[in-house]
Amino acid sequence: MSKAVSRTLSVLIVLFHLIPFYLLVNLSFKPSNDTSSKWLPPHTIYGGNFKNAWVNAHIDRALMSNLIVTISSVALVVLLGAFASYPLARHRTRWNNFVYGLSISCLIVPALTILVPLYKFVVDIGGMNHYWATILIQVTFSLPLTIFLLTGFMGTVPKELDEAGLIDGCSRYAIFFRIILPLLKPIVATIIIVIGVQVWNDYQFSVFFLQKPQVNTIPVALSMFISQFSNNINWVAAGCLIGMLPLTVLYLFLQKYFIKGMADGAIKG
Amino acid sequence: MQSAQPLPQNNRRPAKPPSWIRKFFQSPTALNLMYVPALLLFGVFILYPLAKGIRISFTNWDGYSQQSTWAGLKKYSLMFHDKKIATTVKNTLIYGLGSTLLQNLFGLAYALFLDRNIRGKGLIRTVVYLPVIISPLIMGYIFYFFFQYDGGALNDIMIWLGKEPLDWLSNGPRAVNIITLVNTFQYMGIAMIIYLGGLQSIPKDYYEAAQIDGASWGSQFRNITWPMLAPAITVNIVINIIGGLKLFDVIVAMTNGGPGYASQSLSTMMYNLYFARQDAGYAAALGNLMFVIILIISMAALIMLRRKELRL
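So the sequence lines, in the order shown, correspond to chains Z and S.
Under UniProt numbering, think of the first position of the first sequence as 1, with each following residue one higher.
Under UniProt numbering, think of the first position of the second sequence as 1, with each following residue one higher.
Calculated from the structure, these hints are not laboratory results.
Values in this document were obtained by computation on a predicted structure and should not be read as measured data.
Just so you know, not all the hints are guaranteed correct.
[Stated by the list, open to error] Simulated pairs of lysine-lysine, DSSO-like, Cα-Cα distance not exceeding 27 Å: (1) S:K121 / Z:K260; (2) S:K204 / Z:K3; (3) S:K121 / S:K204; (4) S:K90 / S:K74; (5) S:K121 / Z:K120; (6) S:K121 / Z:K256; (7) S:K121 / Z:K3; (8) S:K121 / Z:K159; (9) Z:K256 / S:K204; (10) Z:K120 / S:K84; (11) S:K84 / S:K52; (12) Z:K120 / S:K74; (13) Z:K260 / S:K90.
[To be verified] Derived Cβ-Cβ restraints for the label pairs, each shown as a range: (14) Z:S2 / S:P227: 27 to 37 Å; (15) S:M299 / Z:W95: 19 to 29 Å; (16) S:D115 / Z:I71: 33 to 43 Å; (17) Z:L79 / S:G218: 49 to 59 Å; (18) S:L105 / Z:T44: 41 to 51 Å.
Glycine residues also receive a C-beta, built at the ideal position from the N, C-alpha and C atoms.
Given the sequences, and given the hints that come with them, work out the whole structure.
As structure tokens, then:
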């Protein structure tokens, strides 16, 4: 492949993959009466779509919901995952290997297949439209991958560290909190990214368990907004752009971690 | 590691727990208490519903009332005779296997291209990977603008080319293919990154040795690159199959399962049966079918690929 060919190919690839985003940005800056082709840039740049989308989709409220659900879920999953992984990695009895196997096999249970009984259960325990139920469910379905990644990582931490701690009179819990936990930073970063993106973008759980407008997360709020204003495509575009902005900005700044973290999560998962 | 504490001045020292309790908490077995919260969550939110779902699938439960009547195997026999369900299963397989094939094909092609250390490699990677972090629902809406009939971006091109505009999403099989393509577009970045990692872990001397022996590019690819990529292929196929079979958000955003039931997947169909048709027993039966399908396909893929890897 000559240099010119590969350079042209690179440019074409980048342009091709930017098409949807170009269309989205383009549409969201066009006033509603500008019905020219979606490919053509707006005659005048119009910011009103963003204001209308922000107000009518209640993005501010949805953003709060998203932050609450995502931050609590990620914090809990890291904490509970680290707790669970320590005995599983360090105290490998036959029983614990069974527990580990059980946790990992939960990885292949697709959440949607148990939707009906899960929905009934959440209604029965009074968790409908409450953050805590959604958070606990997000945590439950993120735990298998988290335990898998953390147990694998703890296995690479030399056991001599634990023994040194024991000799120095540390309790087993002190070893966990003071020696093991601080060493987990790289894998915890991966987990935060993988699970964080997943929970932030989640639609399937939120649409079932957070149906009241007051607790809608961004994807649900957007879908409601879009079904209500589907004829005003410029508002819809602006809403979508606002919805994807937070993670996109984070991604552009931290893309090294995002790409590596998500690939690591996938490979080891 | 405890530092020496000054002895308390008063005599009301907190009573120490009996020594056997302290001994228990110091034993390695007590550490197992640390995974109890996780196990509780699995039990409550996965295993219990899983068992309950099997029970519900044998009833006529409507999804909200307190009573339900026993239906036996009726829902299952209904399911196996329902033409709509047959379409739904077929669509789910196309979503799952079709996007797996395409994501791996394009992911590998892009990775091979990027592995040549071309200029702008970082930019390509950033752009191709960007959709991965975007909500699939939003991605679906964006592509709806692209494929919609009235003023859709693709139809503008058709008109410029002097062709008749098409209602792309109004034809069931075509809508299924388009949704598969959208899913591929969104997640091919993951396959690309994993293949790129796999390619970069192949020692360069292998290729040098092959070149000295006069091996062609094709023969190098067949004999070095392909076998060395085996682990990456396994990972990609398994994660893409599982992701594709579960497809939900994109379908909701682009066609909502329509026209009619023509682009439903098992997951959207289940949602529909439960909330729109209020046939929770049927929805639960469908959920169990989906569980079995995903389990069989992903296990089969895993076992087949593992075996292949061992042989190499």
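Here is what the structure says about each hint:
1. Our distance criterion of 27 Å between C-alpha atoms is met by S:K121 and Z:K260, whose separation comes to about 15 Å.
2. Of the pairs offered as hints, the one joining S:K204 and Z:K3 holds, with about 21 Å between alpha carbons and a cut-off of 27 Å not exceeded.
3. About 19 Å separates the Cα atoms of S:K121 and S:K204, which keeps this hinted pair within 27 Å; it holds.
4. A hinted pair counts as satisfied when its Cα atoms are at most 27 Å apart, and S:K90 with S:K74 qualifies at roughly 22 Å.
5. Of the supplied pair hints, the one linking S:K121 and Z:K120 is violated, its CA atoms being roughly 49 Å apart against a limit of 27 Å.
6. A hinted pair counts as satisfied when its Cα atoms are at most 27 Å apart, and S:K121 with Z:K256 qualifies at roughly 13 Å.
7. Only pairs whose Cα atoms come within 27 Å are accepted, and S:K121 paired with Z:K3 is accepted, the gap being roughly 14 Å.
8. Annotation: proposed proximity of S:K121 to Z:K159 is violated, straight-line Cα distance about 41 Å (limit 27 Å).
9. Annotation: proposed proximity of Z:K256 to S:K204 holds, straight-line Cα distance about 24 Å (limit 27 Å).
10. Between Z:K120 and S:K84 the alpha-carbon distance is near 25 Å, which keeps this suggested pair within the 27 Å criterion.
11. Of the supplied pair hints, the one linking S:K84 and S:K52 holds, its CA atoms being roughly 25 Å apart against a limit of 27 Å.
12. This hinted pair checks out: Z:K120 and S:K74 have alpha carbons roughly 21 Å apart, not beyond 27 Å.
13. At roughly 35 Å between alpha-carbon atoms, Z:K260 and S:K90 are farther apart than 27 Å, so this suggested pair is violated.
14. Checking the proposed 27 to 37 Å range against Z:S2 and S:P227 shows it holds: the Cβ atoms sit about 29 Å from each other.
15. Between S:M299 and Z:W95 the C-beta distance comes to about 25 Å, which sits within the given range of 19 to 29 Å.
16. Remark: the range hint 33 to 43 Å for S:D115 to Z:I71 is upheld by a beta-carbon distance near 38 Å.
17. The hint said 49 to 59 Å for the Cβ distance between Z:L79 and S:G218, and at roughly 52 Å that hint holds.
18. For S:L105 and Z:T44, the hinted distance range of 41 to 51 Å is satisfied, since their beta carbons lie about 43 Å from each other.
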